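Protein sequence lines, in the order shown, are assigned to chains A and B. Residues 1 to 363 (our numbering) are what the first sequence spells out, left to right. Residues 1 to 523 (our numbering) are what the second sequence spells out, left to right.
Just so you know, these hints were derived from the structure itself, not from any lab. Every clue listed holds true.
Which residues of chain A face chain B? A partial, calculated answer using Cβ under 10 Å:
(1) V4
(2) G218
(3) I221
(4) G223
(5) F224
(6) E225
(7) V228
(8) A232
(9) R234
(10) A235
(11) R237
(12) F238
(13) L346
(14) R350
This one's a predicted model, so the numbers in the text were calculated from it and none came from an experiment. For each residue, glycine too, the CB sits at the ideal point set by N, CA and C.
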Amino acid sequence: MQLVLEKRAERSTAIALISPLIAIGLTVVTMSILFVLLGKNPLAALAVYFITPLTDGYSLQEIAVKAAPLVMIAIGLSLCYLANVWNIGAEGQFLVGAVAGSWLAVVTHGSDAGPWVLPSMLLFGAAAGALYALIPAICKVRFGASEILVSLMLVYVAELLLDYLVRGPWRDPAGFNFPTTAEFDPVATVPLLIEGGRLHLGVAITLLVVAGAAVLLGRTIKGFEIRVVGAAPRAARFGGFKSNQLILLTFAISGALAGLAGIIEVAGPIGHLQPGISPGYGFTAIIVAFLGRLNPVGILIAGLFLALTFIGGEQAQIAMKIPLDMTKVFQGILLFYVLACDSLILYRIRLIMPQRKAADGTA
Amino acid sequence: MLDPTPSNPRTGQTPLLQTIGLTKRYGDFLANDSIDIEIWPQEIHALLGENGAGKSTLVKTIYGLIQPSEGEMFWQGQRMVLSGPHDARARGIGMVFQHFSLFDNLTVAENVALGLDGKESFKDMSARLEEVSRIYGLPLDPKREVWQLSVGERQRIEIVRVLMQNPKFLILDEPTAVLTPQEADQLFVVLERLRSEGRAVLYISHKLEEVKRLCDTATILRGGRKVSTCIPRSETAASLARMMVGAEIKQVKAPAGRRITVPRLLVNELNLEPDEPHGVRLQNISFELKGGEILGIAGVAGNGQDELFAALSGERLAKDPGTIVIDGQAAGHLSITARRKLGAAFVPEERLGHGTAPRMRLSENALLTGHAASGMVQHGFINTAATLSTVDRTTAAFDVRKAKRDPEAGSLSGGNLQKFIVGREILRNPVVLVVSQPTWGVDAGAAAVIRQALLDLAAEGCAILVTSQDLDELAEIADRIAVMFHGHLSESLITADASREKLGLLMGGSSLTPKEPADAVGA
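Excised from the complex, chain A in its bound form (with noise of 0.2 Å):
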């Protein structure tokens, strides 16, 4: 008995959705197999993991506000990796977005200035991710260079820069020597949708993200150039477009949306800046853009998923002392399977029987 990986004439449109779920399964059992090893009864654990935070309305906003900076940093580099190019620093864009942004928040706090800071926080933050991300890009596209060592490279620079400016020039005075920039002023700070709730005003922007994102990929020549170039760059030479200008494009973009994510999750939820500020956000967005088959509303479901993996491994680790960095162990496991389930796509599994035996009998 053998296995073999069949090539299938098309792409297979069931198999491209169901693959996800499949991956997700066999996440999950290997996952109970860990857990039985921990010493900890699977069942219970994957139910602190998956279950208990879908049951009170403060974890699902919390769902929410974790999913939405994972969705809208996967968006972009949906938007690189379908153009076959490789943004793996969103990490650091996601960073100096949140750095450039709070620069603002800094140098105006205490004064008096008017509504127009934060709209500039985000303008600067977005600003400020496309450039940093235009550094690999502008790297790849003169000289050559891969840009996936050059942003994933400049992730531990952006880390660095963070750390200096909160315990050196941007430190609260007033802090007790915490590094960590004073508590932005109300002007400087992303409004809650709901008084009293969790969700904030980042949630709306990403959903209207996913939107543009859509109908970009979907209705306009611009998404298709984008999708050409990445499936076929001869024909896509041949069409008429330009790889080095799109690289340039879908780099400026993915950062400009890690940025934006940096500078809301800086104003938003955390409300001051300090090191330390991203669990890992442009790193798991990674998974979110494959797990959501770099389609933007899969996107937006698989935001949801792995943010729901952050919430539950805190719980797990409060309810059953689970350590926090099996959360990371299980995101690694799961764009394993999710990259290996992606083969089923383009290839079916055939077994094939020896039918020799058998056919010594009738011959």
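Mind docking chain B on chain A? Use the hints.
Positioned in the frame of chain A, the structure of chain B alone reads:
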């Protein structure tokens, strides 16, 4: 139980390969319907049929790539069930595919090594590669990287790779589709040598004259069924074609009342440095092409035809705008999109990955070249109805056969995809059409449709430049023929004067003396 060795004229022997009732079903579709075929040692056996007749399915089954739904295969009288191509190779069955499976960035020797079992050292293998290529007269430099090689040379790699496995039985899928008469003649010498060595060859081809000349036996498939097994020497090309198509093949003919009008495409001393280290430099290429006229460009593959196509299409830009003039406008500096807006249209040689994005739908591939100069895009938004209607109109006008309304381009057969690509451009009513290898690896029926379409387009006043390695094709449709050699383009000959000998000389790099300039055009 069927007798594995039914009565045959060669009693006392068993066929090398025999299939009985071989059937392959895809859902309700019968790709192969109960096919019986016998291949004997020392035989060159032709497999003839239109696109979709089931030739590829049959040979893939014999090569172990496809498992038959029903039926049996016998190898030297023994029942054979193949678990995969490696199983077929182990028995001595080798196959040369129409679409090459070579890694562009690896050398010839590395590519060959990847296809072998790897039991010998790379050095020994390279030595054997050189030996095999020398013995069979298939010269190859093992150290060259594949991307630098012409199509003809790439095919040599595939053939040598298979020969190095010392097969008893060799399957060739349309091997001469990419070769010049001279290259084809060289291949025939190789095949005849293989036959004399006691091997068998199964040979898929559309060139019926060639089959008549070379093959001992021919099996003809139509619609998945075997129509006949015959001796091609005692048939005519017409009778073979009739069996293949099931009807008379329409002769292409130029419509009456064609008028040669004003120059539509002018190329003035076009020089272009190659963009690859081993590419061909275009040198002083000049020609004039008038509306209503078809100019053929012949030449051995890899003599600058690809570079000329890239320069004319605008995939690569010329320094001086005036070197290329499309419909009176200097266009050397314009992008391919701008040239399309001037009324030019282009059909590249490679269908998959260049002419189309294989994993995208036909409607999206219609958009690929139609976005610049049609109603398919409004304010940056795609008009899906317009792209689909282009697919429908192309399908209707050029008889594109496909499983559903808007399938992925890669799922179409070669001939049908080519009809779609050519049709997509013709329906844009171009004033200049530059087409490279219009019927590369396409069956007789589809080729006739495409050639007739080109003639009809010329009759409507379009200026057409056809690059082809098929001299018969150029003789059939071109008014004039010029030859490319090492980046130079010869003076064009009026087709009636362009004998195979003259063209052969030009293709080999000799000049014709006395020079025979031909500015006038045969109507």
